[in-house]
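Engineer: Since the structure of chain A is already known, use the hints to place chain B on it.
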Amino acid sequence: MPAPNGRTSIFRTLGLSGRAIWRIGEEVCRRGGRPLHGRADILAQEITAARLKIEPDDRSSRHANITGWPPEKSEKMSLAQGLAARASLYLRT
Amino acid sequence: MSVGTWAFLRSDYSVSDDGRALREALRSPSDTPVGATFRRRLLDLEQVFEEASSPDWDGYGAAPVSRPSFERAKAFLEALPVTWPSPEISADPDGEITFEWSRGPHMVFAVSIGSGNLVSYAGLFGQNKTSGMETLVDQLPKVVSHNLARLFPRKVQVTS
Numbered sequence: 001m002p003a004p005n006g007r008t009s010i011f012r013t014l015g016l017s018g019r020a021i022w023r024i025g026e027e028v029c030r031r032g033g034r035p036l037h038g039r040a041d042i043l044a045q046e047i048t049a050a051r052l053k054i055e056p057d058d059r060s061s062r063h064a065n066i067t068g069w070p071p072e073k074s075e076k077m078s079l080a081q082g083l084a085a086r087a088s089l090y091l092r093t
Numbered sequence: 001m002s003v004g005t006w007a008f009l010r011s012d013y014s015v016s017d018d019g020r021a022l023r024e025a026l027r028s029p030s031d032t033p034v035g036a037t038f039r040r041r042l043l044d045l046e047q048v049f050e051e052a053s054s055p056d057w058d059g060y061g062a063a064p065v066s067r068p069s070f071e072r073a074k075a076f077l078e079a080l081p082v083t084w085p086s087p088e089i090s091a092d093p094d095g096e097i098t099f100e101w102s103r104g105p106h107m108v109f110a111v112s113i114g115s116g117n118l119v120s121y122a123g124l125f126g127q128n129k130t131s132g133m134e135t136l137v138d139q140l141p142k143v144v145s146h147n148l149a150r151l152f153p154r155k156v157q158v159t160s
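Residue numbers (the working numbering), protein chains in the order written: chain A, 1 to 93; chain B, 1 to 160.
Just chain A, same shape as in the assembly:
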């Protein structure tokens, strides 16, 4: 689900090892002072197929945001459920 600013923070992980991906998550959580519970991997084409956009920003070379969420909460929820169904969830062990 998007933050109040309409963006969902993501990292583009193509070409990274699993270990490198976890390191990104650890760093993000360390800075935020929050525990890392897991990650969800999804192909970019699944996001664009849902008529959402991926917009890179200057936070880091791999950081981007999912944007283009519809205004209605129920439509956001439905899109999020569809993306979750197509994502692979990895829990931190």
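Don't take each hint at face value.
As the list claims (entries may be wrong) - With beta-carbon atoms standing in for the labels, derived distance ranges: (1) B:M133 x A:L89: 22 to 30 angstroms; (2) B:L42 x A:T67: 32 to 40 angstroms; (3) A:R31 x B:H106: 28 to 36 angstroms; (4) A:C29 x B:E46: 21 to 29 angstroms; (5) A:P35 x B:E46: 14 to 22 angstroms; (6) B:R103 x A:G38: 16 to 24 angstroms; (7) A:A44 x B:M133: 24 to 32 angstroms; (8) A:S17 x B:L118: 41 to 49 angstroms.
If you're looking for bench data, these hints aren't it; they were derived computationally from the structure. Glycine residues also receive a C-beta, built at the ideal position from the N, C-alpha and C atoms.
Structural biologist: Using the frame of chain A, we list chain B on its own:
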């Protein structure tokens, strides 16, 4: 913000079968299965409220869960029959509280509750999707019970 509609969801005002069942559940000591189920759900909700009641609780600018949103979510929980499967309870970045039931990633139904009179819902049932908004009146919205029956046909039976 209005919380008036939710007054009708309180157990004292419930007149439906579910409402009567709810009253019995609330009268049950917490060491009975029925009472324990409700207490456990309420504990989950209170924990979510505690963790998400301050601004930016997720580190991405999330809105805090307000007391009126918590009270409305609590009333929704009170209207939910204790014999039905328990939801996962979580906070959303917009400060609403979401109740989600799942039988795997392709069989999901969720209801989101804020401080207003409308609840948002969305469900994924294999290839089929549903979503929309519903006004809360004097009992659990029928769209909630019908979609939970789709998800848990053996555990949730509803009459038309």
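Engineer: Each hint should be assessed against the structure and marked as holding or not.
Structural biologist: Against the structure, the hints come out as follows:
1. B:M133 x A:L89: 22 to 30 angstroms: 28 angstroms Cβ-Cβ, so the 22 to 30 angstroms window holds.
2. B:L42 x A:T67: 32 to 40 angstroms: holds (37 angstroms)
3. A:R31 x B:H106: 28 to 36 angstroms: holds (34 angstroms)
4. A:C29 x B:E46: 21 to 29 angstroms: holds (25 angstroms)
5. A:P35 x B:E46: 14 to 22 angstroms: Holds - the Cβ-Cβ distance for A:P35 and B:E46, about 20 angstroms, lies within 14 to 22 angstroms.
6. B:R103 x A:G38: 16 to 24 angstroms: Since the Cβ atoms of B:R103 and A:G38 sit about 20 angstroms apart, the hinted range of 16 to 24 angstroms holds.
7. A:A44 x B:M133: 24 to 32 angstroms: holds (30 angstroms)
8. A:S17 x B:L118: 41 to 49 angstroms: holds (45 angstroms)
In this structure, every one of the numbered hints holds.
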